[in-house]
Structure formats: C-alpha cells, structure tokens
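Peer 1: Sequences listed follow chains A and B, in order. Quick note, in my numbering, the first sequence goes up one by one and the last residue is 117. Quick note, in my numbering, the second sequence goes up one by one and the last residue is 315.
You may find that some hints are simply not true.
Stated by the list, open to error - Partner residues are not named here, just some residues of chain A that face chain B (Cβ under 8 Å, in silico):
1. N37
2. N38
3. Q40
4. Q49
5. L50
6. N52
7. Y55
8. A95
9. V97
10. Y103
11. I104
12. P105
13. F107
14. R109
15. G110
As the list claims (entries may be wrong) - Chain B side only, calculated, beta carbon under 8 Å to chain A, not exhaustive:
16. A260
17. L304
18. F305
19. G309
Since the hints were made in silico from the structure, they are not lab data. All of these numbers come straight from a predicted model, not from anything done at the bench. From the three backbone atoms N, C-alpha and C, an ideal C-beta is built for every residue, glycine too.
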Amino acid sequence: GIQVEQSPPDLILQEGANSTLRCNFSDSVNNLQWFHQNPWGQLINLFYIPSGTKQNGRLSATTVATERYSLLYISSSQTTDSGVYFCAVVIVGGSYIPTFGRGTSLIVHP
Amino acid sequence: DSGVTQTPKHLITATGQRVTLRCSPRSGDLSVYWYQQSLDQGLQFLIQYYNGEERAKGNILERFSAQQFPDLHSELNLSSLELGDSALYFCASSKDTGELFFGEGSRLTVL
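So that you can see chain A by itself, here it is in the shape it has in the complex (with noise of 0.2 Å):
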C-alpha cells in the first residue's frame, strides 16, 4: 500500500518562529489534505491541496504531486497553533481510502 511519512515526528518552538512540515508520499495521488488536531483531539481541516500552492493567513501549503511530496508552512508560530499536523492522502487507481501519515507533534512555547 501507500506510504505516508512525515518529518520531522516532534518539532519544538519559540513563539514567533518559522516552521516547515513535511509530507511524502509513495505513489501518484488524487487528493491530499493537512490537517490540525488540536490538544483537545479536534482534526480541523487546513488544506486540500492535491497540488499547487494555497495560503491561508500565516498558514500556506505546497504540493508538488510529481515529485510526491507537500510542505507546511507556519509562520509567526502561536501557541495555539501547538498539536499534531497530519497528512492524508488518497493514492491514484487506489481504494479511494484517505491514508494518513503519523503526524508531526508541534508545541509552541510562549
């Protein structure tokens, strides 16, 4: 099946830093999402970018789909943004199954 890795596992900032997330993925993929769970377990939607390059305030999202990988970028980093990002994928010919990486853990110190 598909794989999905993130990097880095944990990453640990000060308020006010600058971050990139990363996703790669093995296969040619339909869809690609970035999620946010929050320290309260909540999976908040950021981006559906199965390819291209979308912002979203200090967020913004690039997925290069040839050459299988997405980046998340934070930056100005609050401490609300602390909790784990994930990706998800849904591969080409595939199950049509969104397959998720195991996430990056973020805290942002004040």
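Use these hints to put chain B onto chain A, whose structure you have.
Peer 2: Same frame as chain A, but now just chain B:
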C-alpha cells in the same frame, strides 16, 4: 464547525459491554468514514459507507460493525469491549471529491 455531528462526545463503560456511536454527515455528503485513534497513535481507517452501502473496509475487528441509514447518518457498534478498545473514534464525511470533514470524535474509555 465542520458540519459533521458525532454523539456521544464521551463514553465510559466496562469490559464486555456494547456501545453505539452515532454520526450525522454534512448536508449533501454521501460518504461516511470511521477512523480509530488510540493513545499516541495515528488514525486507523475502519470502514466507509457510500449512500447506504459499505464501500471499503479497513482493519475493523469482527466485534465492530457499522451501518449507514437512508437518512445518511451512520452508527458504529462496538461489542464485547476490551480495555484496548479505549480510543477516540472519528467519523468523517465527504462529497465525491473525497475532501474529508471530521466530527469532533467520540472518546471511549473502557474500564
């Protein structure tokens, strides 16, 4: 608010018992997915329904079952519960594009 509603939010029960988790998808979404997230684990796909029919199965135990009703809400039934079944159970829904929207989850604790 994602538009996906899950109940109950929290549930505490004993080993050997049976529970039912309920999910109402977003308006217009025909697909419903169930995922399990155990402590410090990723999201494991359990099962998917599309317009009332089972479409895909993941690593769902035989003690677990699910269904999707004509009004498109879905229920996940967990029986003969074991300590290891304690987890967050998420429901998600999507339209044909496959973009997932998650409910807030049902946190199950088995004592």
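Peer 1: Now, for every hint given, state plainly whether the structure supports it.
Peer 2: Status of each hint after checking the structure:
no. : hint : result
1   : N37  : holds (7 Å)
2   : N38  : holds (5 Å)
3   : Q40  : holds (6 Å)
4   : Q49  : holds (6 Å)
5   : L50  : holds (4 Å)
6   : N52  : holds (6 Å)
7   : Y55  : holds (5 Å)
8   : A95  : holds (7 Å)
9   : V97  : holds (5 Å)
10  : Y103 : holds (6 Å)
11  : I104 : holds (5 Å)
12  : P105 : holds (6 Å)
13  : F107 : holds (4 Å)
14  : R109 : holds (5 Å)
15  : G110 : holds (6 Å)
16  : A260 : holds (5 Å)
17  : L304 : holds (6 Å)
18  : F305 : holds (6 Å)
19  : G309 : holds (6 Å)
Hint compliance for this structure: every hint is met.
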